[in-house]
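Visitor: Residue strings, one per chain:
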Amino acid sequence: MDAVGVNSIIKTYGKKKEITALSDISFTVPQGELFGIIGPDGAGKTSLFRILTTLLLADSGKATVEGFDVVKDYKAIRKRIGYMPGRFSLYQDLSVEENLNFFATIFNTSIEENYDLIKDIYMQIESFKNRKAGKLSGGMKQKLALSCALIHRPSVLFLDEPTTGVDAVSRKEFWEMLKGLKTQGITILVSTPYMDEASLCDRVALIQNGKILSINTPQGIVNSFSKPLWAVKSSRMLTLLNELLQKDFVENAYPFGEYHHVVMKDRSGEELLQQVVQDHKGENAIAEKVLPDIEDCFIALMKN
Amino acid sequence: MSNDKVITAKNLTKKFGDFTAVDHISFDIHKGEIFGFLGANGAGKTTAMRMLCGLSLPTSGEATVAGYDVYEENEKIKKSIGYMSQKFSLYEDLTVKENMQFYGGIYHMTDKFIKEKTLTILQQLHLEKEANVLVRSLPLGWKQKLAFSVAIFHEPGIVFLDEPTGGVDPVTRREFWNMIYEAADRGTTVFVTTHYMDEAEYCNRVSIMVDGKIEALDSPTQLKKTYEARSMDEVFLKLARKATRIEM
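Which chain is which? The protein sequence lines are A and B, in order. Using our numbering, the first residue of the first sequence is number 2, and each one after it goes up by one. Using our numbering, the first residue of the second sequence is number 327, and each one after it goes up by one.
Do not take every clue at face value.
[Stated by the list, open to error] The calculated lysine-lysine pairs, modelled on DSS-like cross-linking and capped at a C-alpha distance of 25 Å, are: (1) A:K136 - B:K551; (2) B:K455 - A:K17; (3) B:K413 - A:K173; (4) A:K173 - B:K568; (5) A:K282 - B:K550; (6) A:K180 - B:K568; (7) B:K568 - A:K282; (8) A:K18 - A:K73; (9) A:K180 - A:K142; (10) B:K441 - A:K16; (11) A:K173 - B:K564; (12) B:K551 - A:K173; (13) A:K136 - B:K539; (14) A:K142 - A:K183; (15) B:K455 - A:K304; (16) B:K441 - B:K423; (17) A:K290 - B:K550; (18) A:K133 - B:K341; (19) B:K550 - A:K173; (20) A:K63 - A:K18; (21) A:K16 - A:K80; (22) B:K404 - B:K341; (23) B:K550 - B:K564; (24) B:K441 - B:K455; (25) A:K142 - B:K413.
None of these hints come from the bench; they were simulated from the model.
Generate the whole structure from the sequences, applying the supplied hints.
Guide: So, in structure tokens, the structure goes:
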């Protein structure tokens, strides 16, 4: 049985249904998978999570979590899932420990009963257990929210943009925590606007404007990028970019860290690019063939 | 690059009680420079930025922005800079045009200036048709680009951007940086914070704050050499992992 099944889900907002949040989305997530939903703000990630966590009704389509229907069996689903919304939604005026206790109690369990599951995460904030949740730093709030989402030992965990606005170091730590949870057999659905986090998932769905652009393993997505990709740089980056964009052999060119990435229409462009580099030898122009990453793939998929 | 210093800081420090949020930071930023201001959450970036924007008085040290002293002339600083953040930038319940009129008005621009500038920006952003649409209904990417245009509506010499591209799709993120390049080309100094390390590469120089201090300040190329790293991401992780203080 799949942990999550989504079949032709459509969700619109507005009186005349003029805003489409999700337009005919389908996918499945097998048990135990770490599944990433990757896309910018407004792509539909939160609507999808709210439908799967039984907090929002879809216009049409069907969705199941652990075999239960999100509409008919919402009570059964709520017992089995953990949900960490994008906005911090713990009780700010309760202490760290009180929050955790509260969530344990409403799920008819106790901190002691499931302590082993949250231990690695909760330990990092336990010395602040008497501090009010509202007074915690961003990183600590995140750890508390995750502990509260886990305290009833859910079989499926939904994390809506847990790393948004979090610095690179804390992001790395958070993904380490997720890896640890995965070994406990929990299915994890995590959404993020950071493309570089895709490589940390078992499989990802790239989502934009309510549509899934691609679903695959991170490697599978990268492998499907079929056009030649080169990285170029020179001492005059802006001029170089504008020149490249004018060239017939160039499908697309865009800044990429210290380089520009150049997508060729086909392999015949590779020689022509060498010519451009020659023309700009005086500006220390260099070009090298590179492997695409998820962001290259996302940009290419957005263009189609 | 010209030698006009538009932002200077010397041993700039801010304490809250016993806690030193910003600890003797020093730098000079030149006209037209794109200066990346990086640091982990809690490193002191926001506090430093607030002092430079004239919103918070330093405990000690010196700083000037656009030639004005941060202690004595903070009102003049506010008039000379633009500011945009991811969290707050535009009024959602005003139209595109009204937002520009409002900001132009706040900065005492003339009606003629506001009218002409509004038209220019609408054309640049291809938003002519959306002029009378509520900002609320614009896609996020458009909002962020519009917010940047509004932040430099009064043509300030310096603009502060606080995580301007958070959550924006990769194509729009690049269009946004294109706008930054163009503004810098026209001589605007850009002071920008970001969590995207590839964007650090787009800056002329980058400073990295750790525990209230500036641990490193150089061009991305030089930083990668110094820290023997392949990318700015690696440089950042090497430095930020040294942090010992707990985020407050």
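Visitor: Each hint should be assessed against the structure and marked as holding or not.
Guide: Structure-based check of all given hints:
no.: 1; hint: A:K136 - B:K551; in the structure: 40 Å, violated
no.: 2; hint: B:K455 - A:K17; in the structure: 21 Å, holds
no.: 3; hint: B:K413 - A:K173; in the structure: 24 Å, holds
no.: 4; hint: A:K173 - B:K568; in the structure: 15 Å, holds
no.: 5; hint: A:K282 - B:K550; in the structure: 23 Å, holds
no.: 6; hint: A:K180 - B:K568; in the structure: 24 Å, holds
no.: 7; hint: B:K568 - A:K282; in the structure: 40 Å, violated
no.: 8; hint: A:K18 - A:K73; in the structure: 24 Å, holds
no.: 9; hint: A:K180 - A:K142; in the structure: 19 Å, holds
no.: 10; hint: B:K441 - A:K16; in the structure: 35 Å, violated
no.: 11; hint: A:K173 - B:K564; in the structure: 13 Å, holds
no.: 12; hint: B:K551 - A:K173; in the structure: 23 Å, holds
no.: 13; hint: A:K136 - B:K539; in the structure: 24 Å, holds
no.: 14; hint: A:K142 - A:K183; in the structure: 21 Å, holds
no.: 15; hint: B:K455 - A:K304; in the structure: 23 Å, holds
no.: 16; hint: B:K441 - B:K423; in the structure: 9 Å, holds
no.: 17; hint: A:K290 - B:K550; in the structure: 21 Å, holds
no.: 18; hint: A:K133 - B:K341; in the structure: 23 Å, holds
no.: 19; hint: B:K550 - A:K173; in the structure: 20 Å, holds
no.: 20; hint: A:K63 - A:K18; in the structure: 19 Å, holds
no.: 21; hint: A:K16 - A:K80; in the structure: 33 Å, violated
no.: 22; hint: B:K404 - B:K341; in the structure: 22 Å, holds
no.: 23; hint: B:K550 - B:K564; in the structure: 11 Å, holds
no.: 24; hint: B:K441 - B:K455; in the structure: 16 Å, holds
no.: 25; hint: A:K142 - B:K413; in the structure: 19 Å, holds
Comparing the model with each numbered hint stated earlier shows that hints 1, 7, 10, 21 do not hold.
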